[in-house]
Amino acid sequence: MRVLRIIPVFVVALFMLGGLPLGGAQPNQLDKGIMIDGDVLLGNLPRPSFTELSANRFTLVGLGVLNYYNESQLEKFVPLIQELHDMDMRVFTMLYSNYTTTLKYAELAAQLGFDVIEIDEPFAHSFTENQIVSVVENVTAMYPQVRFIITDWSLPHLITLYALTAEMRNVDIAVDNYDSLQYVQWNSDLARKYGKQPYTWLMFIGNRHSSRNLQAWLNATQATNSNLLLFLIDAAQKWQSQWSLLSPATPIPEIPTSIIPITVMALLLTLVVRKKDS
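In this text, residue positions in the sequence shown follow this note's numbering: the first is 1, and each later residue adds one.
Keep in mind the hints are simulated off the structure, nothing from the lab. Every value quoted in this text rests on a predicted model; they were computed, and no experiment measured them. A hint or two may mislead.
To be verified - Result set (DSS-like, lysine-lysine): computed pairs, CA atoms no more than 27 Å apart in a straight line:
{"id": "1", "residue 1": "K76", "residue 2": "K104"}
{"id": "2", "residue 1": "K76", "residue 2": "K238"}
{"id": "3", "residue 1": "K32", "residue 2": "K238"}
{"id": "4", "residue 1": "K193", "residue 2": "K32"}
{"id": "5", "residue 1": "K32", "residue 2": "K196"}
{"id": "6", "residue 1": "K32", "residue 2": "K76"}
With these hints in hand, go ahead and build the complete structure from the sequences.
Spelled out as structure tokens, the structure:
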């Protein structure tokens with residue numbers, strides 16, 4: 001009978017003091033994200049399962065470039081979004097088009113339940129600064145919980161984006177320059193200056209510098225404390241060639257250091273219970 005009384009004391013102590021991890025992204029945990037081509041999802045082509053992504057601590061999963069699909073196709077993303085949410089992962093989409101199309105699909109993405117909207121290289125699509133602000137403000141007014149990531153590869157454009165969104169707390173900036181590691185550091189420095197979270201896109205397919213030197217880029221992202229966005233689980237299945245490096249066998253979970261003092265407290269409570277029973 002004493003054992004039955006001891007176990008609840010231990011469990012309650014762990015939960016009350018936050019020492020038992022409950023899954024999903026933990027506070028201050030960096031995002032580990034990956035983009036999956038929408039054609040892969042809609043065509044049921046080979047890809048890592050969501051269970052595998054969760055086991056390998058991915059926190060953010062991209063479901064294609066939304067503006068490539070019509071509204072009837074978009075409905076097929078809804079159960080995928082729900083499945084990822086049920087597994088404590090957040091979901092994002094990429095928008096790669098002009099202002100009018102981006103605004104339309106940003107609102108649709110928020111309606112469908114996407115947590116994060118990534119606006120990809122807006123200056124390459126002739127956005128003005130006011131139009132970038134307009135997309136964020138219009139969606140935020142209706143869906144204040146939605147976050148944005150705005151991406152560019154050019155340092156002058158990155159500087160402009162940080163200054164432009166300095167007061168927008170739901171906007172972070174990502175760099176997608178795949179040929180110079182220096183940009184990872186520059187983007188991290190800008191993010192710290194403006195109190196934002198740096199995001200780094202890392203292409204791991206094709207023949208870019210980042211894909212040919214994948215481990216060095218992963219190391220640089222980690223060294224700068226940047227959030228990672230991996231590109232791409234593609235329909236041609238090129239993603240499989242380096243997947244073992246990006247998704248190693250799931251390690252045995254370590255006991256969080258926060259549990260150690262809690263364990264001591266639980267043992268003390270156990271002694272109290274035993275003393276009362278004696």
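Verification of the supplied hints:
no. : hint       : in the structure
1   : K76 / K104 : holds (18 Å)
2   : K76 / K238 : holds (24 Å)
3   : K32 / K238 : holds (20 Å)
4   : K193 / K32 : holds (22 Å)
5   : K32 / K196 : holds (16 Å)
6   : K32 / K76  : holds (24 Å)
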